[in-house]
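Hey, can you work out the whole structure from these sequences and the hints?
Residue numbers (this note's numbering), protein chains in the order written: chain A, 1 to 46; chain B, 1 to 245.
Because the hints were derived from the structure by calculation, they are not lab data.
Any given hint could turn out to be false.
What the hints assert, rightly or not - On the chain B side, residues computed to face chain A include the following (Cβ under 7 Å):
#, residue
1, LEU38
2, ILE42
3, MET139
4, ARG225
Claimed, not checked - Derived coverage of chain B by chain A (criterion: at least 3 residues anywhere in the stretch with Cβ under 8 Å from a Cβ of chain A; other residues may be distant):
#, stretch
5, 45-52
6, 99-110
7, 151-159
Beta carbons: idealized from backbone N, C-alpha and C, even for Gly.
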Amino acid sequence: MKLSWLFGPTMAQRHLLFAYLVVWGIQGGYAAWVAWQWWRTKPQGQ
Amino acid sequence: MDRSRLLKSVAVAWFLLTLGAIVYATRLALVDAPTDALQGNIFRIFFYHVPHSMLSLVWPYVNLAASAGFLFWRRRDPLRALTADAVAIASAEVTLVYATICLATGMLWGRVEWGIWWTWDYRLTSMLVLWLLFVSYLMLRALSSTGQTKTLAAVLSIFAGIDVPIVYMSIRWWRTQHPGPVFFSSDPDAGVDKSYYPAWIANIVAWAMWGLLLMAMRYALERRRQQREQDAALKAIEDSLEFTR
Chain A
1 MKLSWLFGPT MAQRHLLFAY LVVWGIQGGY AAWVAWQWWR TKPQGQ
Chain B
1 MDRSRLLKSV AVAWFLLTLG AIVYATRLAL VDAPTDALQG NIFRIFFYHV
51 PHSMLSLVWP YVNLAASAGF LFWRRRDPLR ALTADAVAIA SAEVTLVYAT
101 ICLATGMLWG RVEWGIWWTW DYRLTSMLVL WLLFVSYLML RALSSTGQTK
151 TLAAVLSIFA GIDVPIVYMS IRWWRTQHPG PVFFSSDPDA GVDKSYYPAW
201 IANIVAWAMW GLLLMAMRYA LERRRQQREQ DAALKAIEDS LEFTR
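This is how it looks when you write it as structure tokens:
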């Protein structure tokens with residue numbers, strides 16, 4: 001699998017990479033925040 | 001098997017299935033889908049932009065249905081209203097996540113293809129209004145401390161529900177800079193080549209599964225918070241009774 005075209009100096013390559021980072025960053029960040037809040041919010045009595 | 005263990009098993013199975021679907025869809029989008037003859041590889045942004053845009057017009061209706069449920073049950077059955085409210089906040093946050101990705105990936109594509117980050121076109125503006133409505137919804141819930149916060153938020157979600165069809169129809173009703181409809185179009189020349197279908201469909205399904213997973217996680221968190229608030233309120237009442245004796 002060659003993905004070298006994803007990393008390059010042109011604006012199109014940079015923006016495509018940024019778009020993937022935006023998707024994974026926001027989705028992963030939100031999921032991590034919810035998981036962290038879940039872990040912090042212990043049920044009463046624990 | 002008790003209910004809690006069964007739910008945990010279903011959640012873990014759904015999580016693994018979703019991760020598998022996302023990996024498969026990413027492979028289709030990055031490797032298997034052919035490069036677009038006119039746009040080149042920047043076209044691959046659409047495999048993320050379109051599913052997130054479509055789903056950010058679906059989740060507001062989960063929010064609207066839950067908000068309507070809250071308004072209906074808040075006096076008749078307060079416990080059921082709390083359940084509806086937990087679904088409402090979970091779907092509002094997930095909508096904001098999807099709408100943010102839709103706007104950000106669209107701007108990154110627009111800068112390359114149009115030479116501009118933004119234009120006040122009907123589709124972009126109505127989508128920005130939807131995004132702002134959900135930012136307002138969540139800010140209202142986070143910052144307001146009146147007893148009417150949940151009711152006010154439920155009313156706000158009705159405005160978001162009204163904006164969704166405007167966003168969807170904007171590229172049909174008005175001539176816009178945004179590309180015309182790709183799916184469900186009456187124009188025989190519209191759409192994309194069939195070789196792209198597997199990547200489109202896989203990404204729409206995978207990100208829908210992920211959205212449902214996020215919503216379920218956030219719903220469970222909200223229910224736990226509500227339970228803690230109820231327990232704390234009960235304890236405060238018991239302590240005050242203890243004090244007056």
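Closer than 8 Å Cβ to Cβ for three or more residues is the test here. Does the stretch 151-159 of chain B pass it with chain A?
violated (count 0)
8 Å C-beta test of the stretch 45-52 of chain B against chain A, three or more residues
Holds, because 4 residues of the stretch 45-52 of chain B bring their Cβ atoms closer than 8 Å to Cβ atoms of chain A.
So, as I understand it, the hint says B/LEU38 touches chain A; can you test that by seeing if any CB pair is closer than 7 Å?
12 Å, violated
Agreement of hint B/ARG225 with chain A interface, Cβ distance less than 7 Å:
Interface hint status for B/ARG225: holds (6 Å vs cutoff 7 Å).
Hint B/MET139 vs chain A: min CB-CB distance below 7 Å?
For B/MET139, the interface hint is violated, since the closest Cβ of chain A sits about 17 Å away, which is over 7 Å.
Within 8 Å of chain A's CB atoms, at least three CB atoms from the stretch 99-110 of chain B: coverage verdict
Per the Cβ count (6), the hint holds.
Per the CB criterion, is B/ILE42 less than 7 Å away from chain A?
At about 4 Å, which falls below the 7 Å cut-off, the nearest Cβ of chain A leaves the hint on B/ILE42 intact, so it holds.
Hints 1, 3 and 7, counting from the list given before, are not met by this structure.
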